[in-house]
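Asker: Listed below, chain by chain, are the residues.
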Amino acid sequence: MSLTCRVQIAINNISEKKAKAVQSALEPDNVDFPEGLSLEIENIDNALVFNFQSTGSMKKLIPTIDEVLAHVQMALKVIE
Amino acid sequence: MICLGIESTAHTFSCAIVQKNKKGGKILSDVRKIYRPPEGQGIHPREASRHHIENSSDVLLECLKKANLKISDIDIISYAAGPGLGPCLRVAGVIARTVSSYYKIPIYPVNHAIGHIELGKLLTGAKDPLVLLVSGGHTMLAALKQKKWRIFGETLDTTLGQLLDQFGRSLGFASPCGKKIEDLALESENYVSLPYVVKGNDVSFSGLLSAAKKISSNQKDACYSLQETAFAMIGEATERALSFTEKKELLIVGGVSANKRLSEILKKICQRQKCKFFVSPIEYAGDCGSQIAWTGLLEATAKKGAKLDETFVRQSWRLDTVEIDY
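Line by line, the protein sequences give chains V and A. If you're matching positions, the first sequence starts at 459 in our numbering and goes up one per residue. If you're matching positions, the second sequence starts at 5 in our numbering and goes up one per residue.
Hint data in this document are derived by calculation from the structure and do not stem from the laboratory. We put the beta carbon where it would ideally sit given N, CA and C, even for glycine. Keep in mind that a hint or two might mislead.
No more than 20 Å apart at the CA atoms, straight line, and that leaves these computed lysine to any residue pairs for SDA-like [stated by the list, open to error]:
| no. | chain 1 | residue 1 | chain 2 | residue 2 |
| --- | --- | --- | --- | --- |
| 1 | V | K478 | A | K69 |
| 2 | V | K478 | A | G90 |
| 3 | V | K475 | A | K151 |
| 4 | V | K478 | A | P110 |
| 5 | V | K476 | V | F491 |
| 6 | A | K280 | A | T128 |
| 7 | A | K311 | V | K535 |
| 8 | A | K74 | V | L534 |
| 9 | A | K149 | A | K311 |
| 10 | V | K476 | A | L65 |
| 11 | A | K311 | V | E485 |
| 12 | V | K475 | A | D313 |
| 13 | V | K478 | V | N488 |
| 14 | A | K69 | V | K476 |
| 15 | V | K517 | A | K149 |
| 16 | V | K535 | A | K149 |
Computed far set for chain A versus chain V, every beta-carbon distance over 12 Å [as the list claims (entries may be wrong)]:
| no. | residue |
| --- | --- |
| 17 | G28 |
| 18 | R50 |
| 19 | V98 |
| 20 | T102 |
| 21 | A147 |
| 22 | D206 |
| 23 | E250 |
| 24 | A306 |
| 25 | Q319 |
| 26 | Y330 |
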């Protein structure tokens with residue numbers, strides 16, 4: 459039996475322009491993920507939604523979420 | 005044209021603003037924050053990237069302030085896309101893309117090694133040099149031929165900067181250890197024989213590092229012998245490359261170019277080979293945003309900015325794969 463873990467994180471009340479900037483800054487690095495780990499980024503209404511999914515080992519999931527959120531915070535701070 | 009350059013391949017997070025005009029380039033500001041690992045330890049990529057993330061917005065703001073510019077004054081953005089440490093590279097990539105997307109500024113991914121070379125050329129006035137790039141990430145001899153920097157010798161394992169740092173850390177020094185080793189070496193003239201490995205025109209430092217650690221009970225003799233051996237190997241490869249390429253200029257760039265003993269050896273080689281010797285100014289020898297900004301400006305003379313979804317970071321990006329169109 460393999461364990462699947464899904465994590466959804468939403469950044470609410472963000473302008474479309476800012477959400478688009480953050481999304482286009484992060485998406486090019488969304489490549490070469492470890493096997494079983496994936497990330498989808500959606501820009502819905504006034505929210506930026508990150509959908510993480512990990513199958514099997516959870517070892518890489520938490521550091522990946524940690525890095526993505528750190529990058530989001532950095533990107534938002536830079537355009538402020 | 006004005007470019008904001010962002011560098012974060014390893015220890016250094018730096019933003020710089022450089023202006024290009026008909027006469028050349030002018031550095032308007034160059035601000036850096038350097039990640040320092042604990043004494044005796046090497047760089048931890050995640051810790052370094054955390055450092056860069058925490059300092060990024062302050063460094064960017066200070067960079068704009070020192071140049072007396074607003075973000076709307078920037079014409080293009082360039083960032084170091086590789087080679088380097090993955091988590092560190094992604095910091096510059098994310099910042100550059102964010103600013104590019106939000107403010108609609110063209111973006112240029114730049115090869116870090118080429119950045120060292122191009123800034124060295126700008127600051128020294130070298131026109132068509134054989135380049136010795138020696139740092140923590142690189143040890144190579146390169147010359148421009150048919151639109152590509154061709155390699156005329158490189159390390160087969162450890163770089164010269166890593167050799168000095170790893171040896172220094174084994175003695176408990178804090179990275180970067182080059183200056184401390186250089187100072188200790190000045191206090192000895194007692195050479196202890198160490199492995200000297202030049203294969204073809206490539207060098208290998210791993211055996212030298214192991215052997216130097218074994219004689220480190222006398223730090224001064226060990227530092228002196230390590231430097232003399234490593235620099236003689238580099239000197240031999242450089243002289244052969246000069247003779248082969250018939251270049252009339254030698255330019256040394258990268259963090260280790262600050263070492264005076266290495267310059268002394270290379271100067272003598274240049275006298276023998278009747279060529280001019282150029283050293284990158286110490287302030288800009290190591291990693292900095294200026295090297296990235298200036299290379300971005302050169303790239304902008306030949307091509308349009310990259311599409312955002314095609315902007316990459318690449319941990320292993322050899323400079324001899326990059327087409328030079330400018």
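Asker: With reference to the structure, classify each hint as holding or not holding.
Answerer: For each hint, the structure was consulted:
Under the criterion of a C-alpha separation no larger than 20 Å, the hint pairing V:K478 with A:K69 is inconsistent with the structure, at around 27 Å. The suggested pairing of V:K478 with A:G90 is violated, with an alpha-carbon distance near 24 Å, which exceeds 20 Å. For the given pair, V:K475 sits about 39 Å from A:K151 by alpha-carbon distance, which is inconsistent with the 20 Å threshold. Pair hint V:K478 plus A:P110 holds up; C-alpha atoms about 16 Å apart against a cutoff of 20 Å.
For the hint linking V:K476 to V:F491, the alpha-carbon distance of about 25 Å lies beyond 20 Å, and the restraint is violated. At most 20 Å may separate the alpha-carbon atoms for a hinted pair to count; A:K280 and A:T128 meet this at roughly 11 Å. For the given pair, A:K311 sits about 23 Å from V:K535 by alpha-carbon distance, which is inconsistent with the 20 Å threshold. The hinted pair formed by A:K74 and V:L534 meets the criterion: a straight-line CA distance of about 18 Å does not exceed 20 Å.
Annotation: proposed proximity of A:K149 to A:K311 is violated, straight-line Cα distance about 28 Å (limit 20 Å). As the CA atoms of V:K476 and A:L65 are separated by approximately 19 Å, the hinted pair is consistent with the 20 Å bound. Restraint check for A:K311 and V:E485: satisfied, since their Cα atoms lie roughly 12 Å apart, inside the 20 Å limit. With a C-alpha separation of about 17 Å, the suggested pair V:K475 and A:D313 falls inside the 20 Å cut-off, and the hint holds.
Using a Cα cut-off of 20 Å, the hinted pair V:K478 and V:N488 holds, with the two alpha carbons roughly 15 Å apart. Under the criterion of a C-alpha separation no larger than 20 Å, the hint pairing A:K69 with V:K476 is inconsistent with the structure, at around 23 Å. At roughly 46 Å between alpha-carbon atoms, V:K517 and A:K149 are farther apart than 20 Å, so this suggested pair is violated. For the proposed pair V:K535 and A:K149, the alpha carbon gap of about 43 Å is over 20 Å, so the pair is violated.
The non-interface label for A:G28 is consistent with chain V: the shortest C-beta to C-beta separation is roughly 30 Å, beyond 12 Å. For A:R50, the requirement that its beta carbon stay farther than 12 Å from each beta carbon of chain V is not met, with the minimum near 7 Å. Residue placement check: A:V98 does not keep its beta carbon more than 12 Å from all beta carbons of chain V (closest about 5 Å). The Cβ of A:T102 sits about 4 Å from the closest Cβ of chain V, inside the 12 Å cut-off, so the non-interface label is violated.
Residue-level check passed: A:A147 sits 32 Å from the nearest beta carbon of chain V, beyond 12 Å. Here A:D206 stays apart from chain V, with its beta-carbon at least about 29 Å from theirs, past the 12 Å limit. The beta carbon of A:E250 sits about 42 Å from the closest Cβ of chain V, which is more than 12 Å, so the claim that it is off the interface holds. Residue placement check: A:A306 keeps its beta carbon more than 12 Å from all beta carbons of chain V (closest about 22 Å).
Under the 12 Å C-beta cut-off, the non-interface status given to A:Q319 relative to chain V is violated; the minimum distance is some 10 Å. The Cβ of A:Y330 sits about 24 Å from the closest Cβ of chain V, beyond the 12 Å cut-off, so the non-interface label holds.
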